[in-house]
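Turn these sequences into a full structure, and let the hints guide you.
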Amino acid sequence: MPATADDSELRWRCRRGMLELDIIFNEFLDKAYSTLTHEQKDLLDQMLDYPDQLLFDLLLGHMPSADKGISSLVTYIRDTIRP
Amino acid sequence: MSINDIQRRRFDTLIIGAGGGGLRAALQLAEADASVAVVSKVFPTRSHTVAAQGGMNAALANVLPDNWHWHMFDTVKGSDYLGDQDAIEYMCRAAPKVVYELEHSGVPFSRLDNGKIYQRPFGGQSQNFGGDQAARTCAAADRTGHAILHSLYQQNIRAKTHFFDEYFAVDLLKDEQGNVLGAFVFDIHTGEELIIEAKTTLLATGGAGQLFRTTTNALINTGDGMGMALRAGVPLQDMEFFQFHPTGIAGRGMLITEGARGEGGYLVNCEGERLMERYAPKAKDLASRDVVSRSIYTEVKEGRGCGPNRDHVMLKLDHLGEAVLQKRLPGIRQTCITFLGIDPAEQPIPVYPTAHYTMGGIPTDRYGQVVIPVKDTPEEPVHGLYAAGECACVSVHGANRLGGNSLLDILVFGRSAANHIIETLKETRYHRPMDEDSIAQAYERLHRWDATGDGESVEQIRTDLKKAMEENCGVFRSQDVLDNGVKQVSAIAERLKHARINDNTSMFNTARVEALELENLMDVALATVYSAAARTESRGAHSRIDYPDRDDKHWMRHSLYSLEDRKLDYKPVRTKPMSVPSFPPKARVY
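Heads up: the protein sequence lines correspond to chains D and A, in order.
Throughout the first sequence, residue numbering follows the numbering used here, covering 1 to 83 in sequence.
Throughout the second sequence, residue numbering follows the numbering used here, covering 1 to 590 in sequence.
For the record, the hints were derived by calculation from the structure and aren't laboratory data.
Fair warning: this is a prediction, and the values are worked out from it, not measured in the lab.
Mixed in with the good hints, there may be bad ones.
[Claimed, not checked] Okay, the calculated bits of chain A under chain D, using three or more residues with CB under 8 Å as the criterion: (1) 152-166; (2) 214-221; (3) 242-256; (4) 328-335.
[As the list claims (entries may be wrong)] To be clear about the criterion: a stretch of chain D counts as covered by chain A if any three or more of its residues have a C-beta under 8 Å from a C-beta of chain A, and this derived list gives those stretches: (5) 35-41; (6) 48-59; (7) 72-82.
C-beta atoms are modelled at their ideal positions from N, C-alpha and C, and glycine is treated no differently.
As structure tokens, then:
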């Protein structure tokens with residue numbers, strides 16, 4: 001089945017300037033996107049507008065997010081992709 | 001939409017690619033009141049420049065004595081004497097000015113206590129033409145690329161540069177005389193096609209690390225500008241020179257910095273042996289990048305690799321202790337925990353050489369003009385076409401790039417190309433009429449992917465290409481290996497002609513984008529493997545086991561690969577600098 005335009009748009013927004021972010025987002029979408037709540041999807045949408053460097057720092061555990069929702073989504077993403 | 005209904009827009013200059021090179025050029029042009037369009041397949045601040053953490057070289061002499069001439073010497077030597085010395089002089093002279101321009105535009109360079117820009121030492125930097133270590137690299141902490149890219153983007157918005165975000169450029173458009181007059185693009189959101197007519201076009205699309213299975217490059221680095229140039233009849237220069245970093249995370253590609261070995265880390269094979277003792281008894285794990293990369297490859301090839309597939313070696317850091325790792329290498333620790341689920345304070349890291357930087361590319365002069373051989377002239381400008389940054393080969397990196405010179409390259413030559421374009425625009429008052437056949441060819445190339453029916457998947461062909469390139473055109477090169485690479489990549493290229501995608505919708509059809517990207521990668525792969533198989537010497541990153549020495553008599557020349565008949569040609573290296581005596585070739589010893 002071809003992907004829907006919304007799915008494809010989300011995947012394209014996950015194409016970033018850093019390999020680390022490409023890998024994290026692609027693995028996360030493959031493993032867990034279908035399990036996300038509406039609230040989590042909105043948070044992911046918000047997060048994808050962040051600059052790459054900030055995403056790198058958050059997702060590689062270099063700094064925490066002050067936003068509770070984002071912080072919990074970051075933890076969920078890190079847990080999901082951890083081998 | 002029929003070809004006749006496609007909308008047309010006109011600009012003075014079209015820039016394809018919105019990394020540091022494209023944005024630096026766009027800013028120069030917009031500030032000179034040119035109308036500038038920037039087409040980028042991703043949002044501009046998601047370009048790969050953002051990943052350049054190290055910094056940029058400029059002989060500011062803020063920490064240690066320095067001058068541009070020493071920087072020039074180091075760059076010529078680092079290039080293994082394949083760099084063009086006029087372009088290298090130009091770049092090294094321009095470097096301080098470019099850094100100060102960035103400083104004035106708000107890039108937060110790290111500072112010394114006296115307020116001057118901090119400069120760190122990097123490999124390959126020397127004082128006094130090969131003497132003591134120099135400190136030449138200016139950095140904004142470990143996020144220099146990010147700081148530069150964001151600053152340039154904001155300034156471009158202020159200067160009213162017109163951005164076509166998330167548009168994909170299919171092909172360059174020309175007139176019957178071969179002048180480049182813009183590009184055929186489409187909006188990834190809607191699928192709507194657009195003809196951008198431009199008096200001048202600059203390619204700034206970055207490198208092609210996605211040629212290889214294991215790479216540090218982001219997914220976007222698919223050599224799009226190089227593919228477009230090839231199809232427009234421009235040969236690619238020196239594509240056999242691809243820089244590999246010895247320690248990428250195996251199977252993943254992301255970099256484990258040399259600092260890990262600098263702090264006392266070492267490589268072991270499946271038998272627990274310190275493998276570098278065999279290959280470099282003196283320097284061991286601190287031997288040069290190409291030596292360490294080839295040693296890892298040899299261990300794996302000879303069955304001493306680690307893991308269930310014996311396809312990597314291990315980098316041991318656990319003996320350093322948790323406190324040292326946390327203090328000196330915190331980034332590496334987090335990277336390993338995130339992607340491998342292991343803590344290097346407790347377990348070794350699986351590593352394998354990873355493709356890092358494309359030294360070759362679209363041939364240009366130091367004004368960014370794309371130049372091709374015409375009859376007996378080796379470098380005739382292609383009217384209307386410019387290139388800058390990693391997609392270009394100016395050539396300042398020659399056979400091997402020095403750390404800190406890539407950000408410098410994109411900024412110096414982005415700016416230089418823009419200055420030349422400004423002069424060209426003064427003499428180019430009108431848009432020339434396009435050759436309609438050129439538009440039809442681009443249209444057909446795009447719509448070839450609308451075909452339905454049976455056919456192999458793009459994904460499978462991409463996987464096979466990357467594997468074939470890694471195994472046959474990676475760090476370990478011999479005639480047999482490279483000839484096999486030519487055969488394999490040619491066969492894979494043939495398969496791509498019959499591939500199909502299972503999505504022929506218009507909105508966000510990323511399957512089609514990926515198919516077009518693979519076509520670009522395929523042509524760049526052929527250029528790389530053909531050029532490598534022909535060069536029977538070892539120079540810089542092109543290291544051949546069967547021809548271990550540099551051969552200046554026969555090979556101090558640039559390769560030029562053309563798509564037509566997959567033909568190779570050569571042109572001399574520009575050994576004459578602008579104002580100083582040449583640096584003659586010498587053994588490259590550090």
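Each hint tested on the structure:
1. 152-166: violated (count 1)
2. 214-221: holds (count 6)
3. 242-256: holds (count 3)
4. 328-335: holds (count 4)
5. 35-41: violated (count 0)
6. 48-59: Holds, because 4 residues of the segment 48-59 of chain D bring their Cβ atoms closer than 8 Å to Cβ atoms of chain A.
7. 72-82: holds (count 3)
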